[in-house]
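Residue numbers (the working numbering), protein chains in the order written: chain A, 1 to 323; chain B, 1 to 281; chain C, 1 to 546.
Hints are computed from structural coordinates only; laboratory data are not their basis. A hint or two may mislead.
[Stated by the list, open to error] Pair ranges (Cβ atoms, derived):
(1) A:L304 x B:G108: 25 to 31 angstroms
(2) C:R321 x B:L37: 30 to 36 angstroms
(3) A:L116 x B:R168: 29 to 35 angstroms
(4) B:L167 x A:A64: 38 to 44 angstroms
(5) A:L304 x B:L256: 35 to 41 angstroms
(6) B:A144 x C:E407: 24 to 30 angstroms
(7) A:R125 x B:V23: 20 to 26 angstroms
(8) C:G378 x B:A183: 51 to 57 angstroms
(9) C:D371 x B:G108: 56 to 62 angstroms
(10) B:A144 x A:L304: 35 to 41 angstroms
Bear in mind the structure is a predicted one, so any value in this text is a computation, not a measurement. C-beta atoms are modelled at their ideal positions from N, C-alpha and C, and glycine is treated no differently.
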Amino acid sequence: MARWLARRLLHAVLTVAIAITLAFFLMRLAPGDPLSRLGDERPMPASELAGLRARYGLDQPLLAQYTTFVAAAVGGDFGRSIHYGRPVREIILDRLPASLLLGGGALLLTMLGGALLGALQALRRDSLLDRTAGVVSLAAYATPSFWLGLVLAWLVGIEWRLLPVGGFRDPLLAADASWMLQVADVLRHLALPLLTLTIVSIGAVMRYQRTAMLEALAQPFVAAARARGLSERRIRWRHALRTSLFPIVTLLGLWLPVLAAGSVFVESVFAWPGLGSLAAEAVGTRDYPLLMGVTLLVAVLVVLGGLLADIAYAALDPRVRPA
Amino acid sequence: MNVSAPSLLRRAMGVANGRAGAVALLAIALFALAAPLALPDPAIQFDIVDGALLPPSVMHPFGTDHLSRDVLSRVANGARISLAVAVIAVALSITLGAVVGLVAGFFGGAVDTILMRAVDGAMAIPRLFLLLLLVAAWDRLPLAALILVIGATGWLGTSRLVRAEVLRLREVEFIRSAQALGAGARRVMFRHLLPNTLGPLSVAAMLGVGDVILLEAGLSFLGLGVRPPTPSWGGMILDGKDVLQAAPWVSLFPGLAIVATVLAINLFGEALRRAADSGSP
Amino acid sequence: MLRTTLAISLLFGLVACDASAQRRLPGTLVIVSGEYATLPVPTLMEGPASTTENTHVADLLFLRLAVEGPGRSTLDESGYEPQLARSWSRRDSLTLVFELDPRARWHDGRNVTAEDVVFTFQRAMNPVIAPSLAELLQGIDAVRSEGQRRVVISFKRPYPEQFFDATHYVQPLPAHLLRALDPDSIAISDFAQAPVGNGAFRWSRAVPGQLLEFTANPAFFLGRPGIGRIVIRVATDASARLNLLLSGEADALRAPVPPLSNRDQLEARGFRLVTIPSSSVGYLLFNTHARGDSARPHPILADVRVRRALVLALDRDAMLRSMLGPYAKVPYGPIPTSLWLSELAPKAADRDSMQAAQLLDAAGWRDSNGDGIRDRNGAPLALTVEVPGTSMLRRRLTEIAMAQHRELGIDLSMTVSDRGVWMERLNGGNFDVIFGSLSQEPTPSAFPQTWSCEGSGNASGWCEPVVDSLMTAARRATGDATPVWLAAMRALEESAPAAFLYAPYDVVALHRRFENVSLRPGSPWMMAWRWRVRRGAEIARDRVPR
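Please build the complete structure, drawing on both the sequences and the hints.
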């Protein structure tokens, strides 16, 4: 087990290394650099641009830029954002809470809600409920998230004035407000983006869960439990559900990148200060250091998610004993 | 034993949802092919003031957009573009994924390790980030480039799927005997292994088309999708985005078109998947 | 689940409103903006920090010696209002003297001194620290102090815009806080994170990338601000910005170009749209050099007849009517609406398809194969416009231009790229036609930077010596320079380096509860300290806890 874990960890590190190398060179492949957007609104002489390029090390050969980046990154230094002029680490740490809240919240709601609804569907297999839920969840899955977000913002935020339509918290809430008020404020702002992200992603989990639950119900141990006279309720909700959750656990890891990407749109529609929109913005401004920082973080999260899923799966399911 | 593609299709059509999806899909495809003949892509009107952003009426069942164009005709013409982009891009990524998966699974060893580590690395970056980077680099070749980059970022999952299938099949009797009889690597890969992965591949392809339609819409939302005046559903949503409140029809109808199409694709894909699952041992 | 979420939030909402309604003090202005002010510090707004948002925020915090009266000519020294300088006089044709207002204070309580002004000018005129500013301040010879309150600025030669140069570009910084710092490290100092200014509003807090908050400076020497605080929120997406207004979460939005159809929505929800002249101009720039090769002429666009025809083929009035309504006019040359020349310039040419066709025929472009597109020696009259993907307006205007050009047998197509790529094309001269937009300093003296043979911002290789010499004459004119500037613009129009499509007005959507509102062209919030909330119209957030 220890050797298996060590090998897994090594793989994870390798994967992250490959990912950021790929990102580094892809980014440089694109024409334009962080300074090329400058002359847009205001003319700027070429000599001045050259000076600025030198200041940011953008005039170095690609390979030299890469080794500089890697050497610094290994030491935990991701440099300074060219657009914001602040250390990349600070900017990311600023955005991380909002991102974790939205991504984590959506992950939790999607997984719990999806598992529950999918299980219900399986228990009432082929009933009206099952079919309706199936089609509705597929339709939700088929809806572009930004479009749904715009519609929800319009209805809930503007027409009904029930919830705020933008930002992470009320900028005017006094800093000395009680923590209850502060939490409530963040939750109110979280509601619409979270709802949007959950609606568009819950369908997939429901489908997986439905299938897994059906398989679990068909397993011999269910019949055996029935023979032992356990209540149907107990069999369904304790034994079958637990067994059916294994596949969902593995989904957890795969789901992270989907949420990270999906949140790009949701974040921008709701002005949610997360990492997804930060990354999209950094692509637009060619803010290399910032983009590398975000990519690295997302890659680590994704790989970590996969690793945890593997470990959880191995721990839960005795059939998958690692060699 | 695995199932052939035609029998998969038959089985998928046996399910109500599968049938509904297939019929809807067929209707949408027909609409995409035939409608442009009846409703040519409308030209921009010169006096744009009076005809712009008209609400739905008998003349314009879906209303008109900011350049006085009939939204219904745009949706019809956008169908062809959006579907073509999705189908070609998915065909590309499925092919790429199948080849990489076959090679990795068949040769194993160092080849497998290198390929799969690279795939792992690329999969650790969300596809949208990859696309943003690539679209930025490739903008000048118009539609073809967009299709190419969408295809080039979509094959990673497929290659894993095919590889797993190949690993399983490699242990199956008839492949072993083919190898024992001295069949060449290429022959074994393409004559024996590939046909047997077509079932899961067709499911992946079907669902992939839906994903790409959504992806194209997302890129358009960021201003980087199919470029105007070529109509695409994503681009039309972008056109209507800033008048969502005042003229909701501009983005509502292309949005509904996306939902309907992706829904139909997923219904049918789902039925295919179930058919494939019930067919395997 | 949806209903539960709503019910819970509703509950929280009621609690939140109740608690913040207790203390009462005047006015909060919430502005929503598309970008974050990364470094709103004078003399540091160079390179990546040279953004519009930075200048707007710097204008809240830092005063100038004097400000030009709105719409006044930059040639006219009498149109200025005092700010840091209480009065000024002219010693001779090369020397201006400013007397500082003794009441002026930095936000940390120290006096604003002549030393501060000298210190800042030294930074601004140093090409290593502030290359762009240094270029603009080339006319200034030296700046020195005479005692605590007198600043003397001397110029290299007499020219009409001396006063403008002395007051517009440089907002003094507090020397006592910055002198000890290494000039290179100011950008990453604590000062840059929380600038200490001398304006009506002081820096209160920042959440990078999300919001800035400013509180009124009650001791402001020009008068007590009528608004208690200003919050600038950032939303990068245009729909998100509009939503924040419509949902009542924000009070003001500067939208250079509003979707016309949203006007009614905003008005119905308590907003009014205020129009102010803007400093920007949008145009289709024609490359006179071959694409990406500045050694060869462009096969189509090097011919002035073709360029003229491309302009005459456009119905710019119709374009603007449909896309911008009353919020733009067709510019004459590159003249923005904020420039005083705008009122004096003649009307730009109307669509004239006859003349456009004649010009194209004369240049040898005829439709010889009957496919609807003109050609010459087998090559079609086909051009591609590079459009930045972020700009909806530019995309739409290009779509119309394509349709209008097609009627005359010109095959115009469009490439939409993201901003970085688009800029690379522009700087590298790698385009046929590029949809540019320029926001320029409020003086015609900035024209030659872009519209002259050797201009540092000339990306198209266009060169018309007549225009150059007229502009040089105008800058150095000792008498009235206006007719000379107009002559230069006429020559420029005739040479058609670009099809100038729109000179917009800035539109600010502002909540109706604000009164006594004045908005400055180019700096909408500069005078916000004079605004106030109408009595009786206060809403919850106007009760500022202090």
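Evaluated hints:
1. Between A:L304 and B:G108, the C-beta spacing of about 28 angstroms keeps the proposed range 25 to 31 angstroms intact.
2. A hinted range of 30 to 36 angstroms holds for the C-beta pair C:R321 and B:L37, which are about 34 angstroms apart.
3. About 33 angstroms separates the C-beta atoms of A:L116 and B:R168, a value consistent with the hinted range of 29 to 35 angstroms.
4. Against the hinted window of 38 to 44 angstroms, the Cβ-Cβ separation of B:L167 and A:A64 comes to about 41 angstroms, which satisfies the hint.
5. Distance hint check for A:L304 and B:L256: the Cβ-Cβ separation is about 39 angstroms, which falls inside the suggested range of 35 to 41 angstroms.
6. Between B:A144 and C:E407 the beta carbon distance is about 28 angstroms. The supplied range of 24 to 30 angstroms therefore holds.
7. Judged by the Cβ atoms, the range 20 to 26 angstroms given for A:R125 and B:V23 holds: they are separated by roughly 24 angstroms.
8. At roughly 55 angstroms, the beta-carbon separation of C:G378 and B:A183 lies within the given 51 to 57 angstroms, and the hint holds.
9. For the pair C:D371 and B:G108, the supplied restraint of 56 to 62 angstroms holds, since their beta-carbon distance comes to about 57 angstroms.
10. B:A144 and A:L304 have their C-beta atoms about 37 angstroms apart, which keeps the hinted 35 to 41 angstroms range intact.
When each numbered hint is compared with the structure, no violation occurs for any of them.
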